[in-house]
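Each residue of the sequence shown is one higher than the last, beginning at 1 in the UniProt record's numbering.
Fair warning: there could be bad hints in the mix.
[Said to hold, decoys possible] Derived BS3-like pairs (lysine-lysine); straight-line CA-CA distance at most 30 angstroms:
| hint | residue 1 | residue 2 |
| --- | --- | --- |
| 1 | K317 | K101 |
| 2 | K317 | K9 |
| 3 | K574 | K361 |
[Claimed, not checked] Label pairs and their computed distance ranges (CB to CB):
| hint | residue 1 | residue 2 | range |
| --- | --- | --- | --- |
| 4 | S158 | R86 | 18 to 28 angstroms |
| 5 | T121 | F175 | 46 to 56 angstroms |
| 6 | T121 | L267 | 52 to 62 angstroms |
Treat the hints as calculated values from the structure; they're not laboratory data.
Here a beta-carbon is modelled for each residue, glycine too, at the ideal position from N, C-alpha and C.
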Amino acid sequence: MGELAYLNKFFVKYKWHLILGFIITVGARVFTLVTPKFIGESTNVIEAYINGEVTDYQAVKDELLINIFIIIGAATLSAILTFLMRQTFIVASRKIEFDLKNEIYQQYQRLSLNFYKKNRTGDLMNRISEDVSKVRMYVGPALMYGVMTLTLFVVAISYMLYIAPVLTLYVMLPFPILSFAIYKLSVAINQRSTVVQQVLSKLNSFTQESFSGIAVVKSYGTEALVNEDFVHLSNESKSKNIDLVRVQAFFFPLMILLIGCSNLLVLYIGGTRYFNGEIENLGTIVEFLLYVNMLTWPVASVGWITSMVQQASASQKRINEFLSAQPEIQNHSNLVQEINGEIEFKNVSFTYDDTGIQALKGVSFKLKRGENLVIIGKTGSGKSTLLELISRLYDVQSGEILIDGQKIDSINLNLLRESIGYVPQDSFLFSESIADNIKFGDADATQEKIEEAAKNAAVHENILNFKEAYNTVLGERGITLSGGQKQRISIARAIIRKPKIVLFDDCLSAVDTETEEAIFQKLEEISANRTAVIVSHRVSSARNADQVIVLDEGIIIQQGKHEVLIEADGYYKKLYQEQLTEK
Numbered sequence: 001m002g003e004l005a006y007l008n009k010f011f012v013k014y015k016w017h018l019i020l021g022f023i024i025t026v027g028a029r030v031f032t033l034v035t036p037k038f039i040g041e042s043t044n045v046i047e048a049y050i051n052g053e054v055t056d057y058q059a060v061k062d063e064l065l066i067n068i069f070i071i072i073g074a075a076t077l078s079a080i081l082t083f084l085m086r087q088t089f090i091v092a093s094r095k096i097e098f099d100l101k102n103e104i105y106q107q108y109q110r111l112s113l114n115f116y117k118k119n120r121t122g123d124l125m126n127r128i129s130e131d132v133s134k135v136r137m138y139v140g141p142a143l144m145y146g147v148m149t150l151t152l153f154v155v156a157i158s159y160m161l162y163i164a165p166v167l168t169l170y171v172m173l174p175f176p177i178l179s180f181a182i183y184k185l186s187v188a189i190n191q192r193s194t195v196v197q198q199v200l201s202k203l204n205s206f207t208q209e210s211f212s213g214i215a216v217v218k219s220y221g222t223e224a225l226v227n228e229d230f231v232h233l234s235n236e237s238k239s240k241n242i243d244l245v246r247v248q249a250f251f252f253p254l255m256i257l258l259i260g261c262s263n264l265l266v267l268y269i270g271g272t273r274y275f276n277g278e279i280e281n282l283g284t285i286v287e288f289l290l291y292v293n294m295l296t297w298p299v300a301s302v303g304w305i306t307s308m309v310q311q312a313s314a315s316q317k318r319i320n321e322f323l324s325a326q327p328e329i330q331n332h333s334n335l336v337q338e339i340n341g342e343i344e345f346k347n348v349s350f351t352y353d354d355t356g357i358q359a360l361k362g363v364s365f366k367l368k369r370g371e372n373l374v375i376i377g378k379t380g381s382g383k384s385t386l387l388e389l390i391s392r393l394y395d396v397q398s399g400e401i402l403i404d405g406q407k408i409d410s411i412n413l414n415l416l417r418e419s420i421g422y423v424p425q426d427s428f429l430f431s432e433s434i435a436d437n438i439k440f441g442d443a444d445a446t447q448e449k450i451e452e453a454a455k456n457a458a459v460h461e462n463i464l465n466f467k468e469a470y471n472t473v474l475g476e477r478g479i480t481l482s483g484g485q486k487q488r489i490s491i492a493r494a495i496i497r498k499p500k501i502v503l504f505d506d507c508l509s510a511v512d513t514e515t516e517e518a519i520f521q522k523l524e525e526i527s528a529n530r531t532a533v534i535v536s537h538r539v540s541s542a543r544n545a546d547q548v549i550v551l552d553e554g555i556i557i558q559q560g561k562h563e564v565l566i567e568a569d570g571y572y573k574k575l576y577q578e579q580l581t582e583k
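Generate the whole structure from the sequences, applying the supplied hints.
Here it is as structure tokens:
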């Protein structure tokens with residue numbers, strides 16, 4: 001239950017909704033309790049007429065009609081207030097759900113890249129959807145029915161004690177047993193609810209990965225194997241849910257059994273005391289039976305409410321785990337300053353803490369504003385890591401990275417990333433139109449600016465060949481495009497914002513050499529006063545570079561200009577000769 005304390009700030013935020021809902025709920029329950037009272041009084045009038053204590057039939061008839069109208073009026077008012085009650089509590093719960101989802105999403109945005117390497121997408125989705133839905137049931141229906149139940153108990157039992165205290169005490173005998181049973185079942189429900197949500201996260205993660213990798217699944221013909229794994233997870237989910245339902249199933253039968261016992265006690269004890277003259281009117285027994293049966297749903301709902309609270313507690317615990325996580329990359333400055341694009345690495349080393357792999361070892365180089373650096377190296381040599389450090393997706397563990405002569409972690413993080421145009425190795429496109437994907441780099445870009453960026457990325461003509469041109473909606477992750485088209489649209493997205501620093505992570509691997517050269521020519525034209533760092537496997541990319549470095553297992557093994565490196569024996573010359581021969 002301590003996990004749910006996180007929600008108190010939302011209760012404070014929407015306190016007027018909840019206070020109004022509480023007042024309306026109390027009013028609705030008070031009007032509900034009018035019915036048993038006037039039915040009891042009507043029974044007493046009929047009893048008095050039968051016993052001859054009242055002989056005026058018309059007077060009895062008039063009093064019964066008045067009681068009927070009072071009961072109808074009270075029921076109508078109770079129904080109206082119940083409607084308004086839902087408009088306050090349920091609306092407040094939806095607002096809290098909205099706020100909580102936004103808070104979780106904003107936290108996801110703040111958390112560092114390393115967080116996403118350690119957590120699966122399906123689990124992240126489950127916490128912001130299924131877990132938040134469970135929490136909403138606590139702040140909405142559970143709270144609303146809890147107030148209803150409490151109000152009904154307090155008002156009804158107080159009145160019952162007033163009119164027949166001894167009989168009330170007998171009626172209340174089953175309730176301690178009920179309280180103990182609720183406590184024991186609640187503990188079991190909480191434990192099983194946590195397991196159910198964990199299994200659901202695994203199932204969501206597996207499903208998400210299967211759909212994302214459906215092309216691989218089909219190309220390898222492993223549909224049957226994937227389906228077998230899915231069935232296994234589904235069965236596990238079914239089994240855990242059945243375990244939970246088995247415990248929950250005890251609630252309602254137990255509640256009804258105990259209410260039935262209370263009814264029997266009313267009939268036996270009440271009847272005995274009536275015949276002994278200790279209860280004066282038969283209407284009191286009728287009234288008690290109505291009150292006890294009226295308490296059936298509230299008592300039964302205690303189990304349902306408890307179940308919702310326990311499930312919400314389990315879900316909020318999972319949510320809190322992520323909300324309490326601190327981003328590894330912190331913004332240490334709010335200063336607004338212009339970034340010119342000078343980059344310097346001073347003896348930089350970096351090791352991934354999740355794998356223990358040392359990606360960079362003592363890397364040093366300096367780029368002046370407007371210069372181009374091309375990084376060549378084998379797969380796994382640390383090229384992508386170097387670009388990620390410039391974007392400050394990770395922080396270095398030793399050495400220094402300077403931007404315009406300042407330590408990178410002392411620069412406003414938002415400003416730094418706004419000044420960078422980054423094209424990752426895996427070109428990710430959103431399920432939006434081509435124009436919207438390019439505009440992601442500049443939300444205010446005009447159609448003319450979008451087309452200009454596409455022309456500079458040598459993809460404009462390809463886009464015009466589509467039926468809807470720039471309005472063509474892409475499939476998930478840009479699946480409707482070729483690899484080269486995706487890469488060039490990603491480049492257009494990066495350069496449309498006219499960044500001070502451009503980072504290309506082997507983003508032309510899927511285009512031919514001729515197209516690559518055309519793109520680089522365009523980039524040279526538009527990259528005046530812009531610093532560019534380009535990762536490539538092609539020596540042709542480095543011909544016009546101001547500086548070239550060759551990485552091998554995180555160490556710079558060669559450094560200089562293209563003309564110098566092709567004359568020196570080493571990896572660069574060997575690669576140049578191999579690619580020259582291939583042509």
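Results for each hint:
Using a Cα cut-off of 30 angstroms, the hinted pair K317 and K101 holds, with the two alpha carbons roughly 15 angstroms apart. Taking the CA atoms of K317 and K9, the gap is about 16 angstroms. The hint holds against a cut of 30 angstroms. For the given pair, K574 sits about 23 angstroms from K361 by alpha-carbon distance, which is consistent with the 30 angstroms threshold. In this structure, S158 and R86 meet the distance hint of 18 to 28 angstroms, their C-beta atoms being roughly 26 angstroms apart.
The given range of 46 to 56 angstroms is respected by T121 and F175, whose C-beta atoms sit roughly 47 angstroms from each other. Between T121 and L267 the beta carbon distance is about 60 angstroms. The supplied range of 52 to 62 angstroms therefore holds.
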